[in-house]
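There are 4 protein chains.
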Amino acid sequence: ELGHFSEDVNKTKTEYLKSFQYESGLLLSTWIVIRIDGCHFHRFSEAHKFEKPNDEAALNLMNSCAVGVLEEFNDIVFSYGVSDEYSFVLKKESQLYGRRASDIVSAVVSYFSSMYTMKWKDFFPHREIIYPAYFDGRAVCYPSSHILRDYLAWRQVDCHINNQYNTCFWMLVKSGKTKSAAQTYLKGTQVQEKNELLAQLSGTTDYYNKLPPMFCLGSSVYRSKKEKNTVDEKEEGGIVDKLCEKVVIEYCNIIEPSFWEAHPEILDS
Amino acid sequence: ELGHFSEDVNKTKTEYLKSFQYESGLLLSTWIVIRIDGCHFHRFSEAHKFEKPNDEAALNLMNSCAVGVLEEFNDIVFSYGVSDEYSFVLKKESQLYGRRASDIVSAVVSYFSSMYTMKWKDFFPHREIIYPAYFDGRAVCYPSSHILRDYLAWRQVDCHINNQYNTCFWMLVKSGKTKSAAQTYLKGTQVQEKNELLAQLSGTTDYYNKLPPMFCLGSSVYRSKKEKNTVDEKEEGGIVDKLCEKVVIEYCNIIEPSFWEAHPEILDS
Amino acid sequence: ELGHFSEDVNKTKTEYLKSFQYESGLLLSTWIVIRIDGCHFHRFSEAHKFEKPNDEAALNLMNSCAVGVLEEFNDIVFSYGVSDEYSFVLKKESQLYGRRASDIVSAVVSYFSSMYTMKWKDFFPHREIIYPAYFDGRAVCYPSSHILRDYLAWRQVDCHINNQYNTCFWMLVKSGKTKSAAQTYLKGTQVQEKNELLAQLSGTTDYYNKLPPMFCLGSSVYRSKKEKNTVDEKEEGGIVDKLCEKVVIEYCNIIEPSFWEAHPEILDS
Amino acid sequence: ELGHFSEDVNKTKTEYLKSFQYESGLLLSTWIVIRIDGCHFHRFSEAHKFEKPNDEAALNLMNSCAVGVLEEFNDIVFSYGVSDEYSFVLKKESQLYGRRASDIVSAVVSYFSSMYTMKWKDFFPHREIIYPAYFDGRAVCYPSSHILRDYLAWRQVDCHINNQYNTCFWMLVKSGKTKSAAQTYLKGTQVQEKNELLAQLSGTTDYYNKLPPMFCLGSSVYRSKKEKNTVDEKEEGGIVDKLCEKVVIEYCNIIEPSFWEAHPEILDS
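Residue numbers (the numbering used here), protein chains in the order written: chain D, 2 to 270; chain L, 2 to 270; chain P, 2 to 270; chain C, 2 to 270.
A couple of the hints might just be wrong.
Unchecked claim - Here are the simulated lysine-lysine pairs, BS3-like style, with alpha carbons at most 27 Å apart:
#1 Lys19/L - Lys188/D
#2 Lys92/D - Lys92/C
#3 Lys14/L - Lys92/D
#4 Lys226/C - Lys247/C
#5 Lys188/D - Lys92/L
#6 Lys92/D - Lys19/L
#7 Lys92/C - Lys14/P
#8 Lys195/L - Lys14/D
#9 Lys195/L - Lys195/D
#10 Lys188/L - Lys14/D
#11 Lys12/D - Lys195/L
#12 Lys188/P - Lys14/C
#13 Lys211/L - Lys50/D
#14 Lys14/P - Lys19/C
#15 Lys12/P - Lys50/C
#16 Lys19/C - Lys92/P
#17 Lys19/C - Lys19/D
#18 Lys120/D - Lys120/L
#19 Lys19/L - Lys92/P
#20 Lys178/D - Lys53/D
#21 Lys195/D - Lys12/L
#22 Lys120/D - Lys50/L
#23 Lys12/D - Lys188/L
#24 Lys195/D - Lys175/D
#25 Lys12/L - Lys12/P
#26 Lys92/P - Lys92/D
#27 Lys226/L - Lys122/D
#28 Lys195/P - Lys211/P
#29 Lys227/P - Lys247/P
#30 Lys122/P - Lys175/C
#31 Lys92/D - Lys227/D
#32 Lys92/L - Lys122/C
#33 Lys120/C - Lys50/P
#34 Lys50/C - Lys226/C
#35 Lys14/D - Lys53/C
#36 Lys14/C - Lys122/C
#37 Lys120/P - Lys50/C
#38 Lys195/P - Lys188/C
#39 Lys19/D - Lys50/L
Since the hints were made in silico from the structure, they are not lab data.
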C-alpha cells in the first residue's frame, strides 16, 4: 500500500532536502577547461593488448570520441588529447548548465565514455571490449586566453616529454632489457641523449622526428571555418541543406603563435 | 622540431598552471549522495522505442549498471534508482578521491555510462543502440543518517507519484485521448481518483497495486550480508575461494523503518 | 587536575578536526574586490544623529578608515566608498592569506571596524559613540580590468542615483512633507525632474551640481605616485628617511577613462 | 555633470556584475564554528605592555567582547576563548545570513573588533590604545555534536599545553635565563617535568594548579538558564519588564561530559 507515501514527504521537507545541494557556478568570463583522464588505464591497456608505447587505434578511438563531444556540446571550442587524457575548452561566456562544475564535467565525461564503448568495435573490429573503460574529470578556470594557451602548451610539452621517454623505454625493453633495467638506464638522461639512443637502437638517423606526428604532438580537435559539412535540418517548410562547420582533428604545434594566428576564431568565439 | 619545447614550460610555470585547479573535498563525516540523471532521455527513450510508461528492459539495464557500480566502488553502500535517475550513497567516512566532488561524480557517472552502452545488447538483443546515452551528475552531502533516509524517502515518494501519474496518462492515451487531453483530464486529480480511474479503464480492481513492484517502488541495490558469492582471488600460494558479499536488487519500501532495521549494516558501515 | 588532558586529544584526532576546515583560494590572476557594508546602519546613523542625506563628518570618518586599510594592506591598490559601503581592490596576483576569502575579508573588515571606533572621537569630538558600528563583507573576483572598471562604474552610478534621490527626499521632508508623502511624490521621477525639483525647492539654479563632490561622486582612495611621505624606517646602520607613496582621497569621476589614463599605475601594479 | 551616468550602467549590466559574486551557504544542519584569531598580536601585546604569560585585563577584555557578541547574535549558543583566539558556535539550524560564510564571519569579527576598541578603556583605564587591534576569522562546519565537542576539547587541551609551556618559559626568563636559553631548556620536557620545574622555581608545591582557572582552562561564554536579566523591552502599550537569559562567563572543564550534562540546553537548542 503506497497511497499514503506522499503525505510523509511534504513540500516543505522537499525544499529542505533540495537545499542541501548547492553548487555555485564557475567564475563568469573565464575559460573553463574540462580535463578527463582514464581511470586505471594502465591495467585497461594491458587487458586490451594496446601496443606500446603508442597504440594508433586506441588514440584514434579517443580522437573520434572527442569529435563526438564537440558535435554534441556547442560551447566547446577546442580540445587537446594525448594518451588517455583529453582537455576540452569551453568558451569564456558559456552558460552551459549555469556553469556548475559537476554538471558540466559529468555530462562531458559521460558522453565521452558512452561513445568510447560504442565506437570500440569500429577501431578494434577483432578485439572484444572486456570491461568498461572509464574516466574521471575536473573543471579548471583560466581567466585569460594567454594563460589558457600556457595551459595547452604545458599539456603538449608533457606529451612530448612522455612520448620521448616511452619510445626509448619500450625500445630498450624490446631490445632485451628488463623494464627495471630500462628505467635505470634512462634515469636523468637529457633530450639530446635520448635522441641519440633512439637513432642508435633503431639504426635510423633522426628516428624520433620521423614518428607519426599524432604520437609526438598529440591531437587537436576543433571546428574548421574552411571545411563545412552539408547537414539536413528541419525548418518550417521542409528540410533544408545547411552549411555547418566541420569538426577536424590535427596534429600540430599549438605552442607556437602560428596555429592561433591561423585560427583566430577559436579563441575569439 | 620539438626538442626545445620543454624549456618553454618550466617547473615554476607548471606549478602556477596547476594551482588554478583547486577543489576542496566534501565535508568530512557526512553521507555523500551522487545522483545521476539521464540527459535528454525523453528523446533517447523515443528514439529507442521504450515502452510507456515503464520499459522493463530499460529499467533492468539501469539496475544492472548500478550493480556494476557497487561492485567497482566499495565505498558505495546503497543505491536507489527510478526511471532514468540513480542515487548512489557513499559511506560517511569515505576517502574516495579525497572526497573531491568532481572526481567522484565523474568516475561514477563515467563507469555507469560505459556499462550502459556495453550491456545494452544483453537487454535489447534485437535493437541496436543508435546514439550514446549519457547522464549528468552531482554530489550532495547529508550530515546524518536520519536526513539521508529522508532523502531516499523523497525519491521513493517521487517514484510513486510519477508512476501513478504516468500510468494514468498512458492508459488514457491508449484509450484514444490525445496527450494534451489526457494532461488536462489528470490536472489536479488526487491519489484516490487516479486509482479509481485506473480500475475503471483497466477493468481490474486495485489495478495500480498489482503492477510490478519495480514500477511502483523503484529499485534498491545494496550488498547482502546473507547472500555471498564465491570469488576466486589471487593470494600468495595460489588462487583461493573467497566468500564475498553479493550485490542484490530489491523492490521494497525504503520509507518504512522495517527495511533499515532488517539491514542495519548498510548505514552502520 | 588537567595533566591528563593532552592524552585525550592526540595528534591524529587533531589532524582530523583540522581537516573539516577547508577553503580554497579565490581564482588566481583575477582582481579581488572586498566590499564591506554597514550592518543596521540606518539605526546606527539615527542613534548617532547623522545629518541627512549626507553627514560630512561620518563620510570623512569612513574615508579616514579606508586610508588606514590601504596603509596596512599593501596589496590593496584602490578603494571606493559611498555612504556606509566601501570596496577594496586587491591586485590580480595578490597572495594575501593564500587568497582565502574568509581570511582576507575578515582581516580587512576587522581592521576597518577597529579603526572606525578608534577614530570616532577625531570626527565627532562632541558626540560619544553609543554602541559599536559593524560591517559585513564579501569577496568577489573580476577576471579582467575591464570588468573591474565596470564594477567601479556601477558603484559610482549607484552613488549618484541614491544621492540625487536622497537629496530630493530630505528636502521635501524639510519642506514639511511626511516621509511617506515624499516617497510617493518621487516615485518614477526622472533625473531631469529631480534636478528641477531641487532648483525649485532650494531657489538655486543647478543646485545638485553645486553640492560637495564627495556627496555626488563618492570617495576614491589610492596611492599617489606624485605625493610622497618621508617615513623613518629601520635599516642596518640606523634609521633612514625613505620616500613612500602617500595614500590620497579624491572625489572624481572614475567612470570616464580619463582618471585611469592619468593613473595607469593603479591597475598595472 | 553626472546626469548621463545612469545610462552607462544599465539593468542588464548590473545583473551581470552581480553574478560574479556567488557564495553557497555552509552545509545545512551542521554546527558552524567561527574561530577568530588576533592578527600580529605578538607585536600588539608588546606594544601595549601585556603581562606575560597571561594578562588578566586583556583576557577579561576578550571575554567582555565575546559576551557582547552573544548578546548581538542570538544564533550563537556557545563560545570558548583562550589567549587572542575565540571560537563561536552557531546552532545547527541557524539561517543567519543564509549561512554564507563570508557574511557570518565578517559580521562577527567586525562586531568583536569594534567592541574591543570601544571597551579598551574600561579594562585599561590608564593605558591608551596605540593602534587598532584586528582579527582574522574563518568558518568550519561540524556535522555532529560529538565532533563539535571534540573540537572544543582540542582547543581546551591546546590552552592547557600552551599555558603550561608559557608559564615555565616566562618563569625561567624572569629567573635570569635568556629567551633562547629558556626555549632550549624546555625542549622535549613532559608535563610532569614542567610541573616539577614550576614547583622548584616558585617554591610552591602544586604551583600550576593554583593558577587562576581562567589561565589554565580558558573562558566559556554561554546563556545561562538559571541566571536571568530583567530587560526593558518596547511593546505595544509601553515598556515591559522581560526576563532574559543572562550571558555568563565560566572557567570550567569542557572536555568532561559533566559540563554538557549540566547544560543540556546549549547543544539541544
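Do the hints match the structure? See the list:
1. Lys19/L - Lys188/D: 25 Å, holds
2. Lys92/D - Lys92/C: Distance ~42 Å between Lys92/D and Lys92/C Cα, so the pair is violated.
3. Lys14/L - Lys92/D: Holds. Lys14/L to Lys92/D sits at ~23 Å (cutoff 27 Å).
4. Lys226/C - Lys247/C: Measuring from Cα to Cα gives roughly 8 Å; hence the hint holds.
5. Lys188/D - Lys92/L: 42 Å, violated
6. Lys92/D - Lys19/L: OK: Lys92/D and Lys19/L at ~20 Å, within 27 Å.
7. Lys92/C - Lys14/P: 23 Å, holds
8. Lys195/L - Lys14/D: Holds, at roughly 24 Å.
9. Lys195/L - Lys195/D: Not OK: Lys195/L and Lys195/D at ~76 Å, beyond 27 Å, violated.
10. Lys188/L - Lys14/D: Holds, because 23 Å separates the two Cα atoms, which is no more than 27 Å.
11. Lys12/D - Lys195/L: 20 Å, holds
12. Lys188/P - Lys14/C: 23 Å, holds
13. Lys211/L - Lys50/D: 50 Å, violated
14. Lys14/P - Lys19/C: 41 Å, violated
15. Lys12/P - Lys50/C: Judged against 27 Å, a Cα distance of about 34 Å means the pair is violated.
16. Lys19/C - Lys92/P: Within the cut-off at roughly 20 Å; holds.
17. Lys19/C - Lys19/D: Holds, at roughly 24 Å.
18. Lys120/D - Lys120/L: Within the cut-off at roughly 14 Å; holds.
19. Lys19/L - Lys92/P: Cα-Cα ~20 Å, so holds.
20. Lys178/D - Lys53/D: Holds: Lys178/D and Lys53/D sit about 15 Å apart, inside 27 Å.
21. Lys195/D - Lys12/L: Status holds; Cα separation ~20 Å.
22. Lys120/D - Lys50/L: Satisfied, since the Cα-Cα distance of roughly 22 Å is no more than 27 Å.
23. Lys12/D - Lys188/L: 18 Å, holds
24. Lys195/D - Lys175/D: OK: Lys195/D and Lys175/D at ~16 Å, within 27 Å.
25. Lys12/L - Lys12/P: 34 Å, violated
26. Lys92/P - Lys92/D: 25 Å, holds
27. Lys226/L - Lys122/D: Cα-Cα ~39 Å, so violated.
28. Lys195/P - Lys211/P: 14 Å, holds
29. Lys227/P - Lys247/P: 8 Å, holds
30. Lys122/P - Lys175/C: 40 Å, violated
31. Lys92/D - Lys227/D: 20 Å, holds
32. Lys92/L - Lys122/C: 53 Å, violated
33. Lys120/C - Lys50/P: Holds, because 22 Å separates the two Cα atoms, which is no more than 27 Å.
34. Lys50/C - Lys226/C: 38 Å, violated
35. Lys14/D - Lys53/C: 54 Å, violated
36. Lys14/C - Lys122/C: 48 Å, violated
37. Lys120/P - Lys50/C: 22 Å, holds
38. Lys195/P - Lys188/C: The given pair, whose Cα atoms are some 74 Å apart, is violated under the 27 Å limit.
39. Lys19/D - Lys50/L: Not OK: Lys19/D and Lys50/L at ~32 Å, beyond 27 Å, violated.
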